[in-house]
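J.: Listed here are the chains, written in short residue letters.
2 protein chains.
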Amino acid sequence: MDATEFRRRGKEMVDLIADYLENIEQRPVYPDVEPGYLRSLIPEEAPEESETYEDVVKDIERVIMPGAASPACTELETVMMDWLGKMLKLPEDFIAGTHGQGGGVIQGTASEATLVALLAARSRAVRMILASDPQRPETGITSKLVAYSSDQAHCSVERAGMIAGVRMKKIPTEQSDKYAVQGETLRRMIQEDKAAGLIPFYFCATLGTTPSCAFDHITELGPICNAEKIWMHIDAAYAGSSFICPEFRPLLNGIEFADSFNFNPHKWLLVNFDCSTMWVRKRSDLIGAFKMDPLYLKHDHQESGLVTDYRHWQIPLGRRFRSLKMWFVFRMYGLKGLQDYIRKHVELAKEFESLVRADQRFEISADVVLGLVCFRLKGSNEVNETLLKRINNGRKIHLVPCQLSGQFVLRFAVCARTTESRHIREAWRLITQLAEEVMQELPH
Amino acid sequence: MDATEFRRRGKEMVDLIADYLENIEQRPVYPDVEPGYLRSLIPEEAPEESETYEDVVKDIERVIMPGAASPACTELETVMMDWLGKMLKLPEDFIAGTHGQGGGVIQGTASEATLVALLAARSRAVRMILASDPQRPETGITSKLVAYSSDQAHCSVERAGMIAGVRMKKIPTEQSDKYAVQGETLRRMIQEDKAAGLIPFYFCATLGTTPSCAFDHITELGPICNAEKIWMHIDAAYAGSSFICPEFRPLLNGIEFADSFNFNPHKWLLVNFDCSTMWVRKRSDLIGAFKMDPLYLKHDHQESGLVTDYRHWQIPLGRRFRSLKMWFVFRMYGLKGLQDYIRKHVELAKEFESLVRADQRFEISADVVLGLVCFRLKGSNEVNETLLKRINNGRKIHLVPCQLSGQFVLRFAVCARTTESRHIREAWRLITQLAEEVMQELPH
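Sequences listed follow chains A and B, in order.
Here the first sequence is numbered in the working numbering, starting from 905 and rising by one per residue.
Here the second sequence is numbered in the working numbering, starting from 905 and rising by one per residue.
Simulated from the structure, these hints should not be mistaken for laboratory data.
Hints are supplied without guarantee of correctness; some may be wrong.
If chains are identical, the list can't say which one is meant, so a pair holds when it fits in one copy or spans any two.
Said to hold, decoys possible - Under the rule of at most 27 Å between Cα atoms (straight-line distance), these lysine-lysine pairs were calculated in the DSS-like manner: (1) Lys1048 - Lys1073; (2) Lys1098 - Lys1048; (3) Lys1074 - Lys1202; (4) Lys1073 - Lys1202; (5) Lys1186 - Lys1229; (6) Lys1074 - Lys1195; (7) Lys962 - Lys1300; (8) Lys1240 - Lys993; (9) Lys1195 - Lys1293; (10) Lys1300 - Lys1202; (11) Lys1202 - Lys1293; (12) Lys1282 - Lys1254; (13) Lys1248 - Lys990; (14) Lys1240 - Lys990; (15) Lys1300 - Lys1254; (16) Lys1202 - Lys1082.
Build the full structure now, drawing on both the sequences and the hints.
T.: Shown next as structure tokens:
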């Protein structure tokens, strides 16, 4: 949608809202639909090709209004999570509209998804142990639990451990292994911890780490977790969007071993912040961790199994209607449009990588798999820190650094909707110009 | 703002967004402002009288754009929380723009605020105990912690205890005490628990309970908590908005003893969902519970004390620009407009109460303090359950019930922006008509 159409459609939407509010007394206060009403009103999958704005907007009255805010908010979310799960070719277990026991939910951020998975894992571990040893005090169990994640994992994983009050151990990674957690390392840590009387219960794998977009080997790690009854959560906050492209989908191989999976369409799939999508293999594992049913939250379909009470799937109680954003984006771009968008960003990153590689003064610090390029001036950390400061002080581009094996590394991330090749070239021109300045000032 | 103005202003806003996006390359990528830049650009308090939409919207370019998304998002939030804190006449300790050590933050829901306060309290308790007994294992401390809340408290309080992995005890309340927690009861439970080797560390007081809008006696409870070094959190999710009116502000007396306080402007202060405002007496208590500082989140002002890193104040990492909603609402209504809005709802609830009291078949089940009326047919729970079902099946009004001292009670809540006296009278007409039907069907 270009600016001209945005102006027109935006104004139509303002009128639609005003009409709704002006005539609200003509609408029923409470919807008159049966559980599951929405699924039959829309296709089972996202469209391949883009649809027009008119097509989408006219469905608001047909699909949403009969179910008003609730249950439409819940039901559209369940179906949109299925649409997206199918785009990602998730195993059927994770799709709600199947005979599986899983499904998807929108969280606010990947941090929350990591925490929710950890809490569900903690609750499952305590239940399993109490089942075989009912007299054991629960706090005695919790104090023995141990969770794992890569030393490259996002800080929110460690933070989730702090919140849940459980040990979280960092699994060391190596540059020679491309900063991926190795099965052998995890296996050894589990054995050592078990020998020391601890109870391994949760492993957070990362697909696309924050520092260098590294990928843990989940095909290797998954079977270990399954054998040890350890909950494997996959955090693919950034990289997950790319898995809608067949050429990037192999990065998700091993998902069949996971208990939960999460990524952020708000990062790279054109859905506005916030929208962090999480799937679980077994709904009952999540619900078991949180369930509270006071009278003022009861409803007729409470125990019917027909409806999803997302309040049991998350930390907050209230919810926003975030699946509307997904519905509009998936239909107006179509799967192909979204794939094109991902591919373009990866191409732009590869273009930047070529520019770096062609310049002998620079080096690439990690494989460029998606839209992130980790690079640095050959030389000291100090000179790279100085370069970064100059770049960011210029306020034309903004880079966020990382540490890889003790080296200070610059990260060039392609992530804006409107980025074109000319922006890449202009950024590189600016970076090399500042690099020259910095290098000329160096003492010889 | 009426519908005609909404249409005009909404369309202007669409153009403003389109203009911004079309000319985005002319703007700096990173803002060039000093920490605290925003506070001096706007008044220290919300206006008494309403301002025009033009006044507010022209400040976007002047106040927000120089600070872009960040730090404007953070700084406006801090100042808006001060504005709202001053409307509530919170003690200076809770206001960031003073010499105090506290301040405010926007959470998504009251559930999150309760949890964040509980986690901060847990962390403070553990630190205090370790300070006097450094060899004591941390898990041994956690397993002895005990938190308290009213048996009338929202279910999210109990849930926060589950998430944090600590004991949460319900304090019994009585109808004769208007369902408020009594100081004597809390004091006795604390003494018993201490005698049993437990460590009391957190009390969640409720001002305006969900079932009946009851108010815990915080002037009595606060000193007990302070003396025992128990964190007192106040959950006023619904009732908090009313405290901007001098006649309702006494309900908040005792706030001077609290460590944290929360309510939901998205419930009753015309700010769209979500916006749950939380204040703490000591910023460092919250930050101590969550702080994580990886390189990719570091910034120049990290240790300066000049900036607020709200990511240390909450569960998620990412944040939305929710303070814009507060800024627009506070200015376009003015404090007086907001007070009028609260007062009108309370008057409408009192009008409904009078209608109930004038009908001998009905009884009022709890004091009507704000916009909630708890009522029932004199008679069995069954007849009231039947009546509720008839009312809700009619889909003209929607009531949510509660249990009070074993009685099934109907709750009439005035909470929509456009509710007028005619809606109250129409609702009562409908309720009495259905009550007659139900009573005629009763076996005699």
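J.: Next step is simple, just say for each hint if it's right about the structure.
T.: A quick look at each hint next to the structure:
no.	hint	verdict
1	Lys1048 - Lys1073	both (13 Å within a copy, 24 Å between copies)
2	Lys1098 - Lys1048	both (10 Å within a copy, 25 Å between copies)
3	Lys1074 - Lys1202	between (42 Å within a copy, 21 Å between copies)
4	Lys1073 - Lys1202	between (40 Å within a copy, 23 Å between copies)
5	Lys1186 - Lys1229	within (26 Å within a copy, 38 Å between copies)
6	Lys1074 - Lys1195	between (30 Å within a copy, 17 Å between copies)
7	Lys962 - Lys1300	between (41 Å within a copy, 26 Å between copies)
8	Lys1240 - Lys993	within (15 Å within a copy, 55 Å between copies)
9	Lys1195 - Lys1293	between (49 Å within a copy, 25 Å between copies)
10	Lys1300 - Lys1202	between (54 Å within a copy, 20 Å between copies)
11	Lys1202 - Lys1293	between (56 Å within a copy, 13 Å between copies)
12	Lys1282 - Lys1254	within (20 Å within a copy, 75 Å between copies)
13	Lys1248 - Lys990	within (22 Å within a copy, 50 Å between copies)
14	Lys1240 - Lys990	within (14 Å within a copy, 52 Å between copies)
15	Lys1300 - Lys1254	within (21 Å within a copy, 59 Å between copies)
16	Lys1202 - Lys1082	between (50 Å within a copy, 24 Å between copies)
In summary, this structure violates none of the numbered hints.
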